[in-house]
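Asks: Quick note, the sequences are listed as chains A and B, same order. Each number in the numbering used here comes from the position in the first sequence (counting from 1) with 9 added on. Each number in the numbering used here comes from the position in the second sequence (counting from 1) with 9 added on.
What the hints contain is simulated information worked out from the structure, not anything from laboratory work. Worth double-checking, as some hints may not be accurate.
Said to hold, decoys possible - BS3-like mimics (lysine-lysine), calculated; alpha carbons at most 27 Å apart, straight line:
(1) B:K72 with A:K228
(2) B:K97 with B:K78
(3) A:K72 with B:K105
(4) A:K82 with A:K228
(5) A:K228 with A:K240
(6) B:K105 with A:K97
(7) B:K105 with A:K82
(8) B:K186 with A:K78
(9) A:K105 with B:K78
(10) A:K63 with A:K120
(11) A:K59 with A:K118
(12) A:K149 with A:K33
(13) A:K105 with B:K72
(14) A:K186 with A:K72
(15) A:K97 with B:K186
(16) B:K97 with A:K186
(17) B:K78 with A:K110
(18) B:K202 with B:K258
(19) A:K186 with B:K78
(20) B:K72 with A:K78
(21) A:K86 with B:K202
Claimed, not checked - Here's a subset of chain A near chain B, in silico, CB distances under 10 Å, partners left out:
(22) D74
(23) V77
(24) D106
(25) N132
For clarity, every value in this text was computed on a predicted model and none was experimentally measured. All C-beta atoms, glycine included, are put in the ideal place defined by N, C-alpha and C.
Number of protein chains: 2
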Amino acid sequence: MCRIDTNVYFCVMDLFKIYSEGDKFFLPNLSIDLVIIGYRQRDLKCLLLKIDNKWLLPGGYIKIDESVKHAAKRILKERTGLDNQHLKFMSVFGDKDRQFKEEFVAYLKKKHLEWQEDSWVNNRFVTLTYYSLVEIDAIKPVIGNLDEQSSWFSFDNLPPMWMDHSSILTAARNRLKEDIQQEHLTYNLLPDKFTMPELHQLHQTILGEKLDRSRFQKKMLSSGIFERLPKLQKESPGRNPYQYCIKSKKTNPQR
Amino acid sequence: MCRIDTNVYFCVMDLFKIYSEGDKFFLPNLSIDLVIIGYRQRDLKCLLLKIDNKWLLPGGYIKIDESVKHAAKRILKERTGLDNQHLKFMSVFGDKDRQFKEEFVAYLKKKHLEWQEDSWVNNRFVTLTYYSLVEIDAIKPVIGNLDEQSSWFSFDNLPPMWMDHSSILTAARNRLKEDIQQEHLTYNLLPDKFTMPELHQLHQTILGEKLDRSRFQKKMLSSGIFERLPKLQKESPGRNPYQYCIKSKKTNPQR
DNA sequence: ACAAAAGTGTTCAGCCTACACCCATGG
DNA sequence: CCATGGGTGTAGGCTGAACACTTTTGT
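Take the sequences, apply the hints, and build the full model.
Replies: Take a look at the structure:
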């Protein structure tokens, strides 16, 4: 058993060591990829990292003495800086040729890292994907020591991506559409206080269709998970909406 | 790349080789476990294998040059003898201490197999679980070279099981309950020709509650996936039910 | 003919839908 | 006081629930 604190690990070990000996600390054929989803200006966005002019999902590996779920939470925390974010398992991507090998060769050479034919990163990886709904303004994206840049992209305007990460994004986008019909989870995308018109617009964006305003409001309120706050006194032209918060967040605060 | 036909592999390699060198052919920390579900005499059953007085789910490993999905299908075929069975991904079990090690020690010693501390089977395994709905009478369970016996068990009367396989079964039982509310897949548990009363009883068994006969029938027929056949002419006391088959099975036969 | 079991119809309630109306606020 | 936009009410239609009724067949 090798217990290694992730922070220590990422600071102390150099890249070479990660790539040559990572399989001593991580399960060698499994990875985790996260689709971190945010919402701003009527647009669904996801957080991506840049390596060598192509983008990829924030992800990581599962430590030998760590559960899969813990790994996913840890990676999410590493990337967003926050605990207790929404996190939901999506699916398994397990194609037989699913490996970075070909794509990484050029990049590693460029970085003057020795190309190791037998390095664990050349392995074929089965990846477990999760999606997480976050409030964009509450998190501060953290870039790792390989990534050059992190940025939010609209789902409608995605950049060129590594390997099969585009398909993972598409799957997440579709999955979210299905899930919100059953579960109330979209408030995770909004600040702690939000209005019904905001929530309404968010659902319309996710589903890509108009929703009846009246019915939407009644459906949401009948769920009983929202608590109305004193009305917003502000600068809008017409009547101002009430603000709402999530009841459970008060009794059992999430952040 | 080592391409090894599974049948050849299972016949030629001896147990010792599987357990000492399996990691040369399989992804070393991943397994697949199947909950194969059948239905007989108003009872939901699952297919289990016996090793050393404890039972376990039929399962297997993913070959290095094989997709996860293909592995699941292959394992299902190995165990049931049939292609194109229903198969649906369920979930990931990835606890950090998820390994057979402790439990296998006693058994391997009993079998006079040398206990190898560093054998790959001692690894911690993340398992990908699937469930499959099958027609009990159409399949002929195949036992592997380790299993002593295979048998169908009622979900209400499960035997002692290896590791966390009981929890996997419970998860599958609950998942099935949820899934049939959304999807029409239960016909997989019945023969190609079946009656509405049979389907009705099956749903009642799965859900564990009474369902209105009239409404059930109308709901099923309105889905449009069933095709009515000439009425059954047989030995029942009252009126005899129509038989139905699945339309898509005729145009696109599943077996 | 009657009992038993399958198939169909009827009624009622509740929910979804669409839209109209009311309310609060800024100009 | 009117335009703007949020909040609420209401009439019509659809679907689901409960149960009654009809049909078929063995005894």
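Asks: Could you run down the list of hints and mark each one as holding or not?
Replies: Against the structure, the hints:
1. B:K72 with A:K228: Status violated; Cα separation ~48 Å.
2. B:K97 with B:K78: holds (10 Å)
3. A:K72 with B:K105: Holds, at about 9 Å.
4. A:K82 with A:K228: violated (31 Å)
5. A:K228 with A:K240: Given that 27 Å is the threshold and the Cα spacing comes to 20 Å, the pair holds.
6. B:K105 with A:K97: Distance of about 19 Å is within 27 Å: holds.
7. B:K105 with A:K82: With Cα atoms ~14 Å apart, K105 of chain B and K82 of chain A stay inside 27 Å; holds.
8. B:K186 with A:K78: holds (24 Å)
9. A:K105 with B:K78: Within the cut-off at roughly 9 Å; holds.
10. A:K63 with A:K120: holds (15 Å)
11. A:K59 with A:K118: holds (17 Å)
12. A:K149 with A:K33: Status violated; Cα separation ~30 Å.
13. A:K105 with B:K72: holds (9 Å)
14. A:K186 with A:K72: Violated, at about 32 Å.
15. A:K97 with B:K186: holds (21 Å)
16. B:K97 with A:K186: The hint holds at about 21 Å.
17. B:K78 with A:K110: At roughly 22 Å apart (the allowed maximum being 27 Å), K110 of chain A and K78 of chain B satisfy the hint.
18. B:K202 with B:K258: holds (11 Å)
19. A:K186 with B:K78: Distance ~24 Å between K186 of chain A and K78 of chain B Cα, so the pair holds.
20. B:K72 with A:K78: holds (24 Å)
21. A:K86 with B:K202: violated (53 Å)
22. D74: Hint holds; D74 of chain A Cβ to chain B Cβ min 5 Å, cut 10 Å.
23. V77: Because about 3 Å separates V77 of chain A from the closest Cβ in chain B, which is inside the 10 Å limit, the hint holds.
24. D106: holds (8 Å)
25. N132: This hint holds: N132 of chain A lies near chain B, its Cβ roughly 9 Å from the closest one there, short of 10 Å.
Of the numbered hints listed earlier, those contradicted by the structure are 1, 4, 12, 14 and 21.
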